[in-house]
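So the chains spell out like this:
Number of protein chains: 4
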Amino acid sequence: MAKKLNIGMIGYGFMGRTHSNAYRRVTNFFDVPYEPVLKTICGLEADEAKAFAGQWGYESSCTDWRQVVDDKNIDVVEICTPNFTHAEIAIAAAKAGKTIICEKPLAMNGEQAKTMVDAVEAAGVANFVSFNYRRVPAVTLVKQLIDEGRFGKIFHYRANFLQDWTISPDVPQGGMATWRLDIKSAGSGVTGDLLAHCIDTALWHNGPIGRVNAMTETFVKERMHAETGKKEAVGIDDACTFFCNFDNGSMGNFEATRYARGHKALYTFEINGEKASARWDLHDLHRLEWFDYGDEGRLRGWRSIHMTDHDGGHPYMDHWWVPGLQIGYEHTFVHQIADVLTGLGGGQHAQPDFRAALATQRVCDAVLASAAKGQWAEVVKD
Amino acid sequence: MAKKLNIGMIGYGFMGRTHSNAYRRVTNFFDVPYEPVLKTICGLEADEAKAFAGQWGYESSCTDWRQVVDDKNIDVVEICTPNFTHAEIAIAAAKAGKTIICEKPLAMNGEQAKTMVDAVEAAGVANFVSFNYRRVPAVTLVKQLIDEGRFGKIFHYRANFLQDWTISPDVPQGGMATWRLDIKSAGSGVTGDLLAHCIDTALWHNGPIGRVNAMTETFVKERMHAETGKKEAVGIDDACTFFCNFDNGSMGNFEATRYARGHKALYTFEINGEKASARWDLHDLHRLEWFDYGDEGRLRGWRSIHMTDHDGGHPYMDHWWVPGLQIGYEHTFVHQIADVLTGLGGGQHAQPDFRAALATQRVCDAVLASAAKGQWAEVVKD
Amino acid sequence: MAKKLNIGMIGYGFMGRTHSNAYRRVTNFFDVPYEPVLKTICGLEADEAKAFAGQWGYESSCTDWRQVVDDKNIDVVEICTPNFTHAEIAIAAAKAGKTIICEKPLAMNGEQAKTMVDAVEAAGVANFVSFNYRRVPAVTLVKQLIDEGRFGKIFHYRANFLQDWTISPDVPQGGMATWRLDIKSAGSGVTGDLLAHCIDTALWHNGPIGRVNAMTETFVKERMHAETGKKEAVGIDDACTFFCNFDNGSMGNFEATRYARGHKALYTFEINGEKASARWDLHDLHRLEWFDYGDEGRLRGWRSIHMTDHDGGHPYMDHWWVPGLQIGYEHTFVHQIADVLTGLGGGQHAQPDFRAALATQRVCDAVLASAAKGQWAEVVKD
Amino acid sequence: MAKKLNIGMIGYGFMGRTHSNAYRRVTNFFDVPYEPVLKTICGLEADEAKAFAGQWGYESSCTDWRQVVDDKNIDVVEICTPNFTHAEIAIAAAKAGKTIICEKPLAMNGEQAKTMVDAVEAAGVANFVSFNYRRVPAVTLVKQLIDEGRFGKIFHYRANFLQDWTISPDVPQGGMATWRLDIKSAGSGVTGDLLAHCIDTALWHNGPIGRVNAMTETFVKERMHAETGKKEAVGIDDACTFFCNFDNGSMGNFEATRYARGHKALYTFEINGEKASARWDLHDLHRLEWFDYGDEGRLRGWRSIHMTDHDGGHPYMDHWWVPGLQIGYEHTFVHQIADVLTGLGGGQHAQPDFRAALATQRVCDAVLASAAKGQWAEVVKD
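Top line first, the protein sequences correspond to chains D, E, Z and X. Under our numbering, think of the first position of the first sequence as 479, with each following residue one higher. Under our numbering, think of the first position of the second sequence as 479, with each following residue one higher. Under our numbering, think of the first position of the third sequence as 479, with each following residue one higher. Under our numbering, think of the first position of the fourth sequence as 479, with each following residue one higher.
Bound conformation, chain D alone (with noise of 0.2 Å):
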């Protein structure tokens, strides 16, 4: 019988939901060491939280985080909260010596970010940091595929993250639902929010990037702000994009906007190879681009992947349905947990870690930097 893990999460907004229908479904798919227990979600309002305690089976709620970080029944302390409360919590938490996960991005930036990996290696803990696209079965397998060389050579890398959900001048910022738009809780705007995502994947994916050069843009200058009720500036880049060197010798290419009208939530890459190229899309996740130049000439193509085969393979798949019958978005979070939860149990810790996510903020701190100066930034590497 798997042991109990107590997890404590705090935040009940969309991130909490997806945490917590993730503990709530592993057992059923996945074969852990551990069986998760949902011990205390904690969130700012009282009603909410024990509302959302009901809804999701916690044994209770509170509104302190402190109280949940102090709790010595809890094991795992979930930081689900916006970003610029993600230190304070992960350095106490990691102090109590909690297994700490939390989302991304870690910090509101990269000094932040150090402190909270200096905070959790002194204190010897597990951590995670929620980058879930890692773990869409396409996307695991391009890495799987990178590495066993079947790319050749990469000369391009490519990513976009495009949304268009602030196109309205009448969106708010700040509050509950709109906290993104707001630099003192988010840090940035759409390079912490959406190009954190395309940079982890991509250093996973490609290696280290050394070098940025970095455009922004924020289209509405000013937004009323949920909290005072009065129009504000607008502190963050509506818009961003930058092209990059890796240390591999291959080029990148990054985009994310709020500002393209049709794009939901279109998290696209492209690697382009020697030998092989592969592109994938969130709005169809559960396909996989392919592109071997081994293939006989004539019938070369791009392949589209149904990433539902578990004969064939496919990371993950053969936990769900039959071949042919897809998942969703919210898988990504029950296979990120159950391989935390596998690395909690022995043997390899989960990534990406405190670690790997500081080094996806440096990339961020220096797009921000070459952003705000007009010039190439070096990307710092701890």
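Do not take every clue at face value.
Stated by the list, open to error - Once the Cα atoms are required to be at most 25 Å apart in a straight line, the calculated PhoX-like pairs of lysine-lysine come out as:
id: 1; chain 1: Z; residue 1: Lys573; chain 2: Z; residue 2: Lys517
id: 2; chain 1: D; residue 1: Lys851; chain 2: D; residue 2: Lys592
id: 3; chain 1: D; residue 1: Lys709; chain 2: X; residue 2: Lys631
id: 4; chain 1: Z; residue 1: Lys859; chain 2: Z; residue 2: Lys631
id: 5; chain 1: X; residue 1: Lys482; chain 2: Z; residue 2: Lys528
id: 6; chain 1: Z; residue 1: Lys592; chain 2: Z; residue 2: Lys851
id: 7; chain 1: Z; residue 1: Lys699; chain 2: E; residue 2: Lys753
id: 8; chain 1: Z; residue 1: Lys631; chain 2: E; residue 2: Lys699
id: 9; chain 1: Z; residue 1: Lys753; chain 2: E; residue 2: Lys742
id: 10; chain 1: X; residue 1: Lys753; chain 2: D; residue 2: Lys699
id: 11; chain 1: E; residue 1: Lys742; chain 2: Z; residue 2: Lys631
Stated by the list, open to error - Chain E stretches covered by chain Z per the calculated footprint, using a threshold of three residues with CB under 8 Å from any CB of chain Z:
id: 12; region: 594-606
id: 13; region: 732-745
Stated by the list, open to error - Residues from chain X shown here face chain E by an in silico Cβ test under 7 Å; the list is partial:
id: 14; residue: Ile661
id: 15; residue: Ser663
id: 16; residue: Trp768
id: 17; residue: Tyr771
id: 18; residue: Gly775
id: 19; residue: Arg776
id: 20; residue: Gly779
id: 21; residue: Arg781
id: 22; residue: Ile783
id: 23; residue: His788
id: 24; residue: Gly790
id: 25; residue: Gly791
Source of the hints: derived by calculation from the structure; they are not laboratory data. On a predicted model such as this, the values are computed, not experimentally measured, just so you know. Heads up, the beta-carbon is just placed ideally off N, CA and C, and yes, glycines get one too.
Following the hints, position chains E, Z and X against chain D.
Relative to chain D, chains E, Z and X alone:
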């Protein structure tokens, strides 16, 4: 607080998993009048039933379905067993006053299905058949659009269900994993397994079918039987195609096969109306293709609608994540149990019930009779 | 220097244009043993024939097709007139010893087609029928792959031809622009116009068809006749669907309609074999979809082959531009005239000839007979 | 009767073929005020020029371009030679009072392009640069939609041009077939060859660019020179990416490479506006993707418009075939010569002329300067 509803599940195969998962998730995402309690799982092998109970949280397990039917504490009997067992269990459950949820196809043939309809109607128990694809959001939306008259007069209804898993003559028939290839367990081949889905959706979308003209084929004539270990003649249809007349004057064209290399579960349909057309496929179930003749001439084109926009009113989607983030196959079972529970709580019972499933069975019967005789067959209307 | 070959074209409608264009272009792109000379264009209206001659460079024009057939200077008689005129012209041309190129379908029915075959074979003249889609590079490649055994045993052949241009009851029948809707001019509706294409390709790809079972429908029962100005009963099939048995054991499924809203000329086919599958459609004719079961399991997927890679050996493509740059519809006519001219220059005559087109006509006859009688019909083999 | 217009073509390579083909076809499909007469083809090798004349119907051939420029009978000088020769020929032709049609890019750099503009404007001769992709019907339609305000405010303009033909280090530079890899012949690599197309379209669609920030890469540092037979340093840019600010406030993102395995000529662009978005690619040039935020919420989706509907008003398409039947790459040259001839016949001259092409050249210059210096560069406005 929602009332408890005690579930007795019979069958722990593929469908036992999808239904169990639906019960486990429904209250996390839908506000339903009942809280399902997974009381008992029943299956052939005691060890496996027990393991399944552990994995999915059933309070107990057993190997005799009569125990479930006779259990006073059970409110709902779930029938997820091979087709040849449905009638006996359902009729007993009806007599015991249980709410019944039965996997599709309802029965081995129309005659048998009729006895089941009679039983549930005589007993006055709520009943439902799990044609889950009605509750893919895109499929539901098509129904709404038809009901609103958005297609105008309908000329064509076309549906296919293409698989490729039985091409090898080494695939056995019979037994736990391949009972669908055994005529004694399944009643038919692709007609009851795959076309039944297409027909259920078609009747729902496009109304009754008057007559059909069909051809079947059995490509592999003999297969080893998993229970006897001997080669036995294959009694099922490996492939079936038919055309038909709908009562509304439109032409129907249907095909199913397990010999379409490259397709795993490619259920597709297309509807051509005077004013609009729509098409959908299960391999990208989160999309609906839509053509509207009312669009401006130079800008007319097939729209690929990403069915994740809850602001836009995509059915069921406001219960899940944020725009752009797709759901998968299993969610259709969550939707249907949500609708069933809502129906049980008062108001209209969810469809399709046994009577609706009987209509599908009658079409299947006509298809098989037509193929056997090589001539048109009228569909029995009950 | 290539020898001159004098062309007499009968018919200046849509097909007169495509054939004239092919003659004008072939020597720019293909090294052929003859240089076509556009000698005479013949059509109903003297003014229009003259204007057409001016636009396309014909040396003369006339209104009586016998003048073309009797002209000693004409080497090739091109028949691009409505179906009901093909037989008379072709038989006269055969007697006059002309090479004959006839638009499809060859005749009004199989019986008539047989007289045409007899005529050209008795006269010993070269003859060809313009089923131009055989010479879409992707369609030609499929034939090569079949002949190489790349599909293994074939289970299914599926073809559709979907249009939407006659949905309005205000479209007239008869006359210059809409003779295809008039049973007296066309012989049949979608069967001869659209299915004939599908059948020609299918017989070429997949061999003879033994028997068929068909349904037809005429959605609009009366249309104004362009010549009489009166409402007359519509005699053609607006839509036709049939299934069939190929002699190689595979199942066929065909459908054509002019009532499929959103499709202009969507000719599609799909072939499912033991080892591979292929599909193609006319709306993106420069692509071939290919699935190869021999691919590594986790990387199996449908390949979208952009048929522009002459290094890879895509048929005909080394005559055109550089990789990535697509050709269009009209090029199929250039390909076929290049092949016809090459055949005339020695070696094998291009296919399909009248005899091959007779086989297609026999299937069309069987389809119409089956639909009329509501039962299976055997295909006549000559 | 149309007046004759005598054409002198300089260059018989790839572009010599596309332009010759356009002249041969234009009067078959367009009612233009001039009838082009293919007077002289001029190229380096006398034998090849003569053969080309035979194949395309030129009355004569020569090897010295001055002979064409000096020929009193020539009305139009066509410059289809490598980039480094454009200026000298064009300036001489201008002085000789010829109408000039020049292949793109106009010149080796902006400075040189300026001298060409000065020459043609001083001479008052009609002039045109062959940025043929403006006349893909889908690309033309986008321009119309922008001019009608259908996009609202534009936020993003994104364009890529991806190829893969120079990945092998064995591809030589220089000479007849690979002069595009030789800095002395081409002036630049992908910037002048590929990005110039993207920039021309972008300036046309979205207005002037203010400043750019670019990165270039040369993956293969040395290649054998086809003329010297020796390995020489590669001077061109193998890949180039840049972002920029358009004067209308939108962000631009451009990339071109010849190292994107799997892409032959994948020119794509996407435009994101407040009210609508559009995207297009050259591999399926007969389609336009269109997203209209004005559509009903639940039915919003990207439309794939098959650009073959002349009733709908698709630009140029009423000159070709019937709906559903696609055109290809070469037709863009027919469209442009039709527009050029119409312009010569009176009214407005077709665009882009030399002055418009100079603006593109200035952006290319800024891109290369930015990449060389590693900083933002302002675009010179003439």
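State the violated hints by number, sorted upward, taking the hints as numbered earlier in the document.
Going through the list in order, the structure violates hints 12, 14, 15, 17, 23 and respects the others.
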